[in-house]
Amino acid sequence: MNREIAVVAFAQTDHRRTSEELSEVEMLMPVLHEVLDRTGLKTSDIDFTCSGSSDYLAGRAFSFTLALDGVGAWPPISESHVEMDGAWALYEAWVKLRTGDADTALVYSYGKSSPGSVRDVLTRQLDPYYLAPLWPDSVALAALQAQALIDAGRTDEPALAAVGARSRTAAASNSHAQLRGSAPQGDYLVRPLRTGDCPPIGDGAAAVVLAAGERARELCARPAWIRGIDHRIEAHGIGVRDLTDSPSTRLAAERAGVFERPVDTAELHAPFSSQEVILREVLRLDDDVDVNPSGGALAANPVMAAGLIRLGEAAARIHRGESDRALAHATSGPCLQQNLVAVLEGDPR
Amino acid sequence: MSKEPVAVVGVGQTKHVAARRDVSIAGLVREAAQRALEDAELTWADIEAVVIGKAPDFFEGVMMPELYLADALGAVGKPMMRVHTAGSVGGSTALVAASLVAARVHGTVLTLAFEKQSESNAMWGLSLPIPFQQPLLAGAGGFFAPHVRAYMRRSGAPDTVGSLVAYKNRRNALKNPYAHLHEHDITLEKVQASPMLWDPIRYSETCPSSDGAVAMVLTDRAGAARAPRSAAWMHGGAMRSEPTLFAGKDSVSPRAGRDCAADVYRQAGITDPRREIDAVEMYVPFSWYEPMWLENLGFAAEGEGWKLTESGVTELDGDLPVDMSGGVLSTNPIGASGMIRFAEAALQVRGQAGEHQVEGARRVLGHAYGGGSQFFSMWLVGAEPPSS
Numbered sequence: 001m002n003r004e005i006a007v008v009a010f011a012q013t014d015h016r017r018t019s020e021e022l023s024e025v026e027m028l029m030p031v032l033h034e035v036l037d038r039t040g041l042k043t044s045d046i047d048f049t050c051s052g053s054s055d056y057l058a059g060r061a062f063s064f065t066l067a068l069d070g071v072g073a074w075p076p077i078s079e080s081h082v083e084m085d086g087a088w089a090l091y092e093a094w095v096k097l098r099t100g101d102a103d104t105a106l107v108y109s110y111g112k113s114s115p116g117s118v119r120d121v122l123t124r125q126l127d128p129y130y131l132a133p134l135w136p137d138s139v140a141l142a143a144l145q146a147q148a149l150i151d152a153g154r155t156d157e158p159a160l161a162a163v164g165a166r167s168r169t170a171a172a173s174n175s176h177a178q179l180r181g182s183a184p185q186g187d188y189l190v191r192p193l194r195t196g197d198c199p200p201i202g203d204g205a206a207a208v209v210l211a212a213g214e215r216a217r218e219l220c221a222r223p224a225w226i227r228g229i230d231h232r233i234e235a236h237g238i239g240v241r242d243l244t245d246s247p248s249t250r251l252a253a254e255r256a257g258v259f260e261r262p263v264d265t266a267e268l269h270a271p272f273s274s275q276e277v278i279l280r281e282v283l284r285l286d287d288d289v290d291v292n293p294s295g296g297a298l299a300a301n302p303v304m305a306a307g308l309i310r311l312g313e314a315a316a317r318i319h320r321g322e323s324d325r326a327l328a329h330a331t332s333g334p335c336l337q338q339n340l341v342a343v344l345e346g347d348p349r
Numbered sequence: 001m002s003k004e005p006v007a008v009v010g011v012g013q014t015k016h017v018a019a020r021r022d023v024s025i026a027g028l029v030r031e032a033a034q035r036a037l038e039d040a041e042l043t044w045a046d047i048e049a050v051v052i053g054k055a056p057d058f059f060e061g062v063m064m065p066e067l068y069l070a071d072a073l074g075a076v077g078k079p080m081m082r083v084h085t086a087g088s089v090g091g092s093t094a095l096v097a098a099s100l101v102a103a104r105v106h107g108t109v110l111t112l113a114f115e116k117q118s119e120s121n122a123m124w125g126l127s128l129p130i131p132f133q134q135p136l137l138a139g140a141g142g143f144f145a146p147h148v149r150a151y152m153r154r155s156g157a158p159d160t161v162g163s164l165v166a167y168k169n170r171r172n173a174l175k176n177p178y179a180h181l182h183e184h185d186i187t188l189e190k191v192q193a194s195p196m197l198w199d200p201i202r203y204s205e206t207c208p209s210s211d212g213a214v215a216m217v218l219t220d221r222a223g224a225a226r227a228p229r230s231a232a233w234m235h236g237g238a239m240r241s242e243p244t245l246f247a248g249k250d251s252v253s254p255r256a257g258r259d260c261a262a263d264v265y266r267q268a269g270i271t272d273p274r275r276e277i278d279a280v281e282m283y284v285p286f287s288w289y290e291p292m293w294l295e296n297l298g299f300a301a302e303g304e305g306w307k308l309t310e311s312g313v314t315e316l317d318g319d320l321p322v323d324m325s326g327g328v329l330s331t332n333p334i335g336a337s338g339m340i341r342f343a344e345a346a347l348q349v350r351g352q353a354g355e356h357q358v359e360g361a362r363r364v365l366g367h368a369y370g371g372g373s374q375f376f377s378m379w380l381v382g383a384e385p386p387s388s
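For the record, the sequence lines run as chains A and B. With the first letter of the first sequence counted as 1, position 342 gets the number 342 in the UniProt record's numbering; the numbers rise by one all the way through. With the first letter of the second sequence counted as 1, position 317 gets the number 317 in the UniProt record's numbering; the numbers rise by one all the way through.
Among the hints, erroneous ones may be present.
[Said to hold, decoys possible] No more than 30 Å apart at the CA atoms, straight line, and that leaves these computed lysine-lysine pairs for DSBU-like: (1) B:307 - B:190; (2) B:307 - B:249; (3) B:249 - A:42; (4) B:3 - B:15; (5) B:3 - A:42; (6) B:15 - B:190.
Since the hints were derived computationally from the structure, they do not count as laboratory data.
Modelling step: build the complete structure from the supplied sequences, incorporating the hints.
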């Protein structure tokens with residue numbers, strides 16, 4: 001059953017360093033209303049709902065259950081949740097639509113990094129017996145990867161700085177971005193990474209609506225058809241991986257059909273400038289591809305939503321007629337351990 | 001073009017115990033997965049994707065453990081997903097894996113759920129302080145006891161029914177080598193004499209805290225044809241959610257549970273569950289939930305569920321056996337408990353349940369719920385492939 005499935009609407013919050021006056025539900029509700037308003041759908045019209053989030057960010061078990069209350073889950077809804085970035089919630093919803101059991105799906109995700117120290121929190125997702133007790137934080141691990149890339153002669157610090165500068169300049173036209181306009185290269189955070197190479201820490205949420213076949217055409221003037229989507233995971237231990245490569249991204253891209261025809265846009269979930277260098281090579285993106293026109297994760301990186309936002313930003317460009325064939329990428333785990341790649345296309349104009 | 005039929009061709013469990021100090025989390029999950037592969041006579045290379053589930057990460061103190069478990073589960077280079085829908089997660093995880101096969105995204109998928117509760121403390125994992133919200137009353141029993149009281153008042157059930165369920169399930173567990181509690185000297189009097197914890201729930205009417213994992217190999221029609229042992233075929237599966245607390249909620253018989261069962265029965269062509277379903281692996285963490293769910297799932301009219309229990313219908317040799325494996329009351333690695341129900345249902349229709357096999361079980365329901373009776377997931381499996 002190869003039903004055509006499309007992203008028909010996308011909404012996101014303004015991403016901010018802190019949203020301490022808002023609960024997750026309060027942060028999420030306007031986004032859910034906005035994405036439904038764009039399609040004219042009500043919660044009761046949605047066949048399947050799926051969300052992505054992490055208890056460790058919220059600091060409590062079952063944190064997603066209250067967010068679900070914000071959807072308006074009565075009468076009872078067909079619903080699921082992944083303890084992952086919302087990009088994987090979108091994947092689960094895509095599979096559900098492919099079975100034919102649903103024609104529409106609401107996908108959302110959210111993350112608040114402000115209540116704690118996200119660098120410390122993310123150490124808890126490492127191997128609990130060997131790695132986590134050492135508390136290597138997410139920036140330190142990314143710095144190892146960046147240094148490996150420099151040592152291999154594949155980039156240098158000025159080139160990394162250019163990635164950061166380009167992202168933040170692009171974000172000037174994105175009213176949702178947390179860091180906008182030119183940003184200095186900054187001081188070293190963990191060598192060789194400077195603050196300009198690293199993502200801002202912030203809170204945010206995002207939501208998309210998926211629809212199948214004719215339903216998508218009814219709900220959106222120019223649906224962003226998901227031509228292919230795939231995700232792959234690599235070994236966890238960074239000592240057993242070539243940190244300058246991303247074979248899981250390459251495999252996911254092949255399976256998603258990225259290399260069949262050139263893309264014009266790529267939204268890459270690269271929280272660190274060095275990771276964009278790796279992803280560009282693996283995905284064979286030429287300089288004429290518009291990479292992260294939204295500013296990418298270097299301009300706003302709400303953990304657990306940043307991957308879904310890449311899919312949403314790519315789809316929104318197709319909705320607006322700014323792209324005909326876009327690539328979207330999401331990542332999870334230390335040093336690009338797990339990667340999802342999707343190809344989105346608009347109908348020919 | 002219709003959906004691809006989904007078959008269970010491999011099931012593996014660990015021996016569930018209070019603490020598996022001899023293995024890491026990775027060692028625990030690999031043990032279950034390896035047994036499922038052996039049952040299916042497949043190798044890691046035959047698995048195209050892995051779908052894993054468990055309850056909150058605070059139960060072990062590892063954030064998103066699927067990242068670290070990728071190597072142990074042979075997932076490197078493959079898609080791996082992590083489902084989390086509270087106590088119903090084991091069931092939901094199996095349903096997500098089944099969707100991958102049904103949608104023909106993959107041909108053969110490994111699905112697994114686990115909890116290694118000895119790594120941390122589940123009660124306090126659930127009791128992290130949240131400003132301006134009621135805590136979970138230090139454990140789930142405190143939350144569920146008032147709903148049991150409401151059921152007793154509504155149905156007029158005598159207060160002996162809960163202990164009958166516990167006595168039955170603990171005896172069933174003696175026939176299941178993987179069950180956690182093996183109380184060889186169990187008697188009804190001992191259950192009734194056990195201390196009152198959350199009135200009316202006694203100590204022996206509650207579930208244990210277990211370390212354990214369960215895995216299943218799901219495959220398509222072609223995969224089932226190659227399987228060495230008979231397959232369990234999925235005839236229906238559904239998830240439903242509703243809020244934990246709101247004015248219109250019926251905590252005794254939540255609508256989400258009723259709707260979920262109705263969806264499964266519709267898919268499976270079941271019109272009279274009491275007659276057409278042979279046995280049920282039901283999520284019963286506190287004994288009184290057996291009569292309550294018998295009504296919620298449509299096996300008895302409202303207020304009548306306890307009569308099935310009292311008359312012995314739900315015994316292993318009864319007309320509608322419930323929790324043949326000993327159930328959650330005997331084995332509770334929380335995140336795995338739902339998938340154990342699904343897997344035990346599959347074992348029954350495959351004729352692979354050993355000493356707790358129900359003779360001639362052709363259609364069996366696996367049931368899971370979670371949160372404050374908020375999340376439901378169920379599947380119905382049969383010995384024959386679905387007709388449509």
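Status of each hint after checking the structure:
Pair hint residue 307 of chain B plus residue 190 of chain B holds up; C-alpha atoms about 22 Å apart against a cutoff of 30 Å. With a C-alpha separation of about 25 Å, the suggested pair residue 307 of chain B and residue 249 of chain B falls inside the 30 Å cut-off, and the hint holds. A threshold of 30 Å between alpha carbons decides the hint, and for residue 249 of chain B with residue 42 of chain A the separation of about 21 Å falls inside it, so the pair holds. Pair hint residue 3 of chain B plus residue 15 of chain B does not hold up; C-alpha atoms about 35 Å apart against a cutoff of 30 Å.
Between the alpha carbons of residue 3 of chain B and residue 42 of chain A the distance comes to roughly 28 Å, so the proposed pair stays at or under 30 Å and holds. Of the pairs offered as hints, the one joining residue 15 of chain B and residue 190 of chain B holds, with about 25 Å between alpha carbons and a cut-off of 30 Å not exceeded.
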